[in-house]
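*Asks:* Each chain is listed here by its residues.
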Amino acid sequence: MQTAAIVRPRLRVIGGVCAGFAEHTGIAVGVVRVAAAILALCGGAGLLLYVWLWAATPVSEGRTAVKSVLTQPSTADESADAAGSRAPITEILLGIALLLAGGAMIASRMGVSIPLAFIIPAVVALAGAGLAWRQFDELRRGRDSGRSALVVRALGALVLVVLGILLFFVTGSEPNIWTVFFAASAVLLGVAVVVAPWVIRLARDLAEERAARTRDVERAEVAAHLHDSVLQTLALIQQKAEPGSDASRLARAQERELREWLFAENVGGALDLSAELRRAASALENDFSARIDVITTGSAVPEAPEGLLAAAREAMLNAAQHAGGTVTVYSESSPTGIEISISDRGSGFDLDDIPDGHFGVRESIMGRMSRMGGTATIRRGPGGTGTDVLLRMPLTGTEGA
Amino acid sequence: MTDADHNLTTLIVDDHSIFRSGLRADLAPDIHVVGEAASVDEAIVLVGQLTPRVVLLDVHLPGGSGGGGAEVVMRAAPTSPSTVFLALSVSDAADDVVRVIRAGARGYITKSSSGAEVSDAARRVSEGDAVFSPRLAGFVLDAFGAISGETAQADHELDRLSKREQEVMRLIARGYAYKEVAADLFISIKTVETHVSSVLRKLQLSSRHELTAWALERKLL
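These protein sequence lines are chains A and B, in that order.
For the first sequence, the positions run 0 to 400 when numbering that gives the first Met the number 0 is used.
For the second sequence, the positions run 0 to 220 when numbering that gives the first Met the number 0 is used.
SDA-like mimics (lysine to any residue), calculated; alpha carbons at most 20 Å apart, straight line:
| no. | chain 1 | residue 1 | chain 2 | residue 2 |
| --- | --- | --- | --- | --- |
| 1 | B | K162 | B | A151 |
| 2 | A | K239 | B | G114 |
| 3 | A | K239 | B | A115 |
| 4 | A | K239 | B | D25 |
| 5 | B | K178 | B | A115 |
| 6 | A | K239 | B | P28 |
| 7 | A | K239 | B | S112 |
| 8 | B | K178 | A | T325 |
| 9 | B | K178 | A | R379 |
Which residues of chain A face chain B? A few of them, derived with a C-beta cut under 8 Å, are:
| no. | residue |
| --- | --- |
| 10 | Q231 |
| 11 | K239 |
| 12 | T296 |
| 13 | S333 |
Hints were generated in silico from the structure; no laboratory data involved.
From the three backbone atoms N, C-alpha and C, an ideal C-beta is built for every residue, glycine too.
Assemble the whole structure, with the sequences as input and the hints as a guide.
*Replies:* So this is what it looks like as structure tokens:
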């Protein structure tokens, strides 16, 4: 029967159990607290109940600050499917153990003779085992709630198991060699049960690491081979083919791709400035008979301003389209700013000759840069021929100058 | 070395025969190829026997003790003091190229350069100049901290570039030829050449850890 779950509020006196219980049942918090205190006096039954409720109820809201020892019940919205697929064995185990202990305490108070000497150690050992298995479960499902939490939990479980087993044998009637022997073996076994998840985890990590290393070695071998054979051939094709011909363009595009793959540390994620420029260059090389050399210096710029990139792309497009031949893109990123120059050796153009309606240069390059607080300068390219577009973008962000 | 202009003796060292024959066919007529070598050991023997003026040297080479082009430069240079080495590479890996340069090569160009470009570079190194590709110039700017504003205060400083050297390197990185660099900075070509040679010297002698650290980190040149 699933009713609204008891949740413990984040604002709490001890564990928030009384407040949660009061909220759930509609009884005033004070009454609940007094009842709990009275119960606690009855041979500690109230304390046990408190501990059980504390362990078994989640903290309000989906995310739990102190990840409770037990799973969140399936009524918690976020974890509904995760918890629903699994029987809460640990909770039941722990609950039974604690209830038994409580019951036994009350019964012993009422004069009934109960072998407390067996029950208390059994409860403690059970709780320890429950904790240990709970941990194992978490690990198996890959839920890592932080190293320290796991360490604390593991140590706690370990102590409980050892304590329980020792109590069991020590409080037993007259110890002899066999009880000591069994006690020792039992402790070892208990520890093994608790430690097993860690061992499994370690072994898994080790295997994964080894596999990753093997992959790296293989990759390096493949890279070396490609480097020596394929890149050489592609270079040769470019050298032999007419500049700007399809063959040379294809070879260059392939070379670029291969190079990117070979030397990329880990592809994926946001491209930095130099990667963006290179990508733009290879896209243009596919469309125009131009060879675009991209040289980037300075520190990596993980997220270059989009406007700057757009202006650079536009300048590269102009160069590839109108000038062709070899275009050099040189970028320099220092802490104070980014500078990109795009130079070609075409016939060049005079800014004053461009009709006002021509948007390419005036709007997409100069306008864009000035809107971002940068500048664009256009002048004669290398040796007085061609065009040299210089984009400057000061960085006045958090880094300062 | 003006005589060398007439008939520049050259040895091509590359382990790919297609590349050797391709390059041989493409070189300018005044570049006289006296031999070809395919491995480190072969190259060392041939340099000693033929004493070519220029060795066009692949960075990646089999044989020897695995040192590739750098090993050839180091072991062959003493047997033929008049020989200069020009590194040719498809590699963008900076540590490769920097190793060859630091071993004593006078320059580096990429293998996709045309026959005319290679010939020009060969002539240039034979005249005692250094040859920097735009990429190498960019790397040098980075490695010597020029981008972050480090500037040498004195000429003899090996670990930083002077203001002028930085300007020259920037223009080379932007694809300018020496002549164009000279025109842009209003200096003579000879001065440009002096600056480039001085940068090469720094690249060979400097103990800046960035030279190797950057190279490894970026894998780019």
